[in-house]
Amino acid sequence: MGKLLEVKDLKVQFRTREGAIHAVDGISFELEEGEALGIVGESGSGKSVTSLSILRLLPMPPAEIVDGSITFADQELLELSESEMRKIRGHEIAMIFQDPMTSLNPVLTVERQIIEPIQLHLGLNRSEAHARARALLEAVGIPDPERRLRSYPHQFSGGMRQRVMIAIAIAANPKLLIADEPTTALDVTVQAQILELINRLRRDLGTSVILITHDLGVVAGMTDRINVMYAGKIAETANTDELFANPRHPYTLGLLSAVPRLDEEAGGDLNTIPGSPPDQLHPIEGCPFQPRCPFVLPKCKDYPPALRVGPNHIAYCWVDVTDPAEQERAIARGFIPLREIGGLRQGSPASTGTGSPSNG
Amino acid sequence: MATIQSNQAPTAGALELTPELARKRRSQGRIILDRFLRNRVAVGGLVVLLLMVLAAIFAPFISHYDPDQYNIALQTAPPSAAHILGNDDLGRDELTRLLYGARTSLTIGITSMLVMVAIGVLVGAVAGFYGGWIDNLLMRITDGFLAVPFLIWLFTVAGIFSNGSVKDIVIIIAVFSWPITARIVRGEFLGLKEREFLLAARTLGASDARLMFWHILPNAIGPITVVATLGVGQNIIAESILSFFGFGLQKPTSSWGTMLNDSQAYITSAPILVWAPGIAILITVLCFNLIGDGMRDALDPYMTER
Chain X
-4 MGKLLEVKDL KVQFRTREGA IHAVDGISFE LEEGEALGIV GESGSGKSVT
46 SLSILRLLPM PPAEIVDGSI TFADQELLEL SESEMRKIRG HEIAMIFQDP
96 MTSLNPVLTV ERQIIEPIQL HLGLNRSEAH ARARALLEAV GIPDPERRLR
146 SYPHQFSGGM RQRVMIAIAI AANPKLLIAD EPTTALDVTV QAQILELINR
196 LRRDLGTSVI LITHDLGVVA GMTDRINVMY AGKIAETANT DELFANPRHP
246 YTLGLLSAVP RLDEEAGGDL NTIPGSPPDQ LHPIEGCPFQ PRCPFVLPKC
296 KDYPPALRVG PNHIAYCWVD VTDPAEQERA IARGFIPLRE IGGLRQGSPA
346 STGTGSPSNG
Chain W
226 MATIQSNQAP TAGALELTPE LARKRRSQGR IILDRFLRNR VAVGGLVVLL
276 LMVLAAIFAP FISHYDPDQY NIALQTAPPS AAHILGNDDL GRDELTRLLY
326 GARTSLTIGI TSMLVMVAIG VLVGAVAGFY GGWIDNLLMR ITDGFLAVPF
376 LIWLFTVAGI FSNGSVKDIV IIIAVFSWPI TARIVRGEFL GLKEREFLLA
426 ARTLGASDAR LMFWHILPNA IGPITVVATL GVGQNIIAES ILSFFGFGLQ
476 KPTSSWGTML NDSQAYITSA PILVWAPGIA ILITVLCFNL IGDGMRDALD
526 PYMTER
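Going down the list, the protein sequences come from chains X and W.
According to our numbering, the stretch in the first sequence is residues -4 to 355, in order.
According to our numbering, the stretch in the second sequence is residues 226 to 531, in order.
So that you can see chain X by itself, here it is in the shape it has in the complex:
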């Protein structure tokens, strides 16, 4: 399997009257063909900006890609013209959005919307396109596709609409599917079905997936690797199992302990990460998590170097959070140790459902 996508040192800023907002601040990651990557973080951590940068769909201005490179299938996306980029969108890279209620055009039939990428990229004739649209609806599990093609989005339920969105996204067989919070707007009962569908299509089509979410429960069963983002930076990156078994960044620890558990004592307080999300208009010197971090040290004023925990596991932190002495120190500041989290790995996405970071 080769490398499909490489993001290197990407910096995206939003220019506002008050100054530049550092939405994405020098992140790098790679994605292999067929791999599923989770990007996890709270609102404003730069997850969605990253995905829109890959598709070059950020509104510019105010957004600006200040630095970095995005290489997709050996092409530098940041250097492509708008018309070359249009050939990639929907064809090579497709995207699913959070809210299926608003991301389908209310006045066009489902057929016209599914056929859109087929017409734009595959050059099929009418009857071939119709047959493909039908097959796509079938593939995403919509009963009676022939009739449903003629329906309008308002005639579908939320989960069905998200299935239609997925059908549209995979219509031209993209190599990369970016799913930006694909289940956030759905009922919990439907969430697992949609995730299962994405998983199945990924296996069947060999598509790489980037799954963006604030919900650790969602990425647990879905992805090979996870990037935890905080304040536009990658805080920790590891294989999924490794991250849940051996989290090394204090922010990851905070996220994991913030996931509510079914066996928790009723009426007890939910664990939260104290403090508020960072102000990216005035980024602080050094590690952005230090104001909220129970492990904080004076040297956090300098941005920490990569702590190579394992071959695929990097945490950007000065502290070894597994060191009992450090933990002792953190517990004194209100840190809740992680022994409670063990069960998460076995949990299916639906059962750990709504776990989300505080202030998320």
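Check before you lean on any hint, since a few could be wrong.
From chain W, some residues computed to sit far from chain X (all C-beta separations above 10 Å) [what the hints assert, rightly or not]:
hint, residue
1, 265
2, 297
3, 377
4, 381
5, 387
6, 424
7, 431
8, 477
9, 490
Output of the computed footprint for chain X on chain W, the stretches with three or more beta carbons under 8 Å from beta carbons of chain X [to be verified]:
hint, stretch
10, 437 to 449
11, 497 to 504
In short, the hints are calculated from the structure, not lab data.
From the three backbone atoms N, C-alpha and C, an ideal C-beta is built for every residue, glycine too.
Given the structure of chain X, go ahead and fit chain W onto it with the hints provided.
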């Protein structure tokens, strides 16, 4: 047929339609049509207008007179059994001229509306979609057109450039009537371009033109239909005024406006020659306005109880 459309947020599964339910369920277009048909005044307007259009199309079958046949003996003759609306100053049959004049007036009204909507949609779409300096520039030009009253534009430009042909009049009316359409379309586009389905369409690789005319425009079709319908009436009046004052169509082409112009001198001696085209204009424009209002109500999503 008492199916009532539910606008509540669907919950998963529960809303899954059985085939029987789906068949009963009315499409959006059907709902709008039903709502329009329930508006008796608008339907009345539509019926009268259709009769007028049919009469104009089948004029030779309704009247066997030649609209241009002079008859000195019948100059300004009052209505009679042979000539129901009498004869004009040259002895031509007034009813026949009214029928053939309807062809000209309706043709001018409708074609100038089409050109008006085409220009207005293009300008409004580009302005609303791109925003920024493009929007500013186009809207200042639009304001410029609106700054001088419509009729003053028409008289000035028709007086200088028109040779009195139907084509010239259509172009002149269209060129000065599009700004309102442009403003309405711009407003619609401004709101619609921020909708998430547009970002979704972008991620599929749609070009700007495709986004504008394939994805956004169908969402704005309601207000555009309304201005278009009202525009026909307004443009028929514009042509009549121009022709009445002699800036419009030149002989031998005749419309209701030129008939009014021809009959000015006989307003006391043969008033029917003024009344006939005047009332024809009144009824036609009224019909278009009633239909336009009916459509506005039918398309308004907030007026569900009509």
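Checked hints:
The claim that residue 265 (chain W) is not at the interface with chain X holds, since no C-beta of that chain comes within 10 Å of its own (minimum 28 Å). Separation of residue 297 (chain W) from chain X is adequate, the least Cβ-Cβ distance of about 61 Å exceeding the 10 Å criterion. Residue 377 (chain W), annotated as away from the interface, keeps every beta carbon of chain X farther than 10 Å; the closest lies near 39 Å. Every Cβ of chain X is farther than 10 Å from the Cβ of residue 381 (chain W); the closest lies at roughly 41 Å, confirming the non-interface assignment.
A cut-off of 10 Å between C-beta atoms confirms that residue 387 (chain W) is not in contact with chain X; the least separation is 40 Å. For residue 424 (chain W), the condition that its CB be more than 10 Å from all CB atoms of chain X is violated, with the nearest at approximately 7 Å. Listed as outside the interface, residue 431 (chain W) is inconsistent with that label: its C-beta sits roughly 7 Å from the nearest C-beta of chain X, within the 10 Å cut-off. The Cβ of residue 477 (chain W) sits about 46 Å from the closest Cβ of chain X, beyond the 10 Å cut-off, so the non-interface label holds.
At the 10 Å boundary, the C-beta of residue 490 (chain W) stays outside the reach of chain X, the nearest C-beta of that chain being 54 Å off. Under the rule that three or more residues need a Cβ within less than 8 Å of chain X, the assignment of the stretch 437 to 449 of chain W holds, with 4 such residues. Remark: the stretch 497 to 504 of chain W is not confirmed as covered by chain X, as 0 of its residues place a Cβ nearer than 8 Å to a Cβ of that chain, below the required three.
The structure fails to meet hints 6, 7, 11 from the earlier list, while all remaining hints are met.
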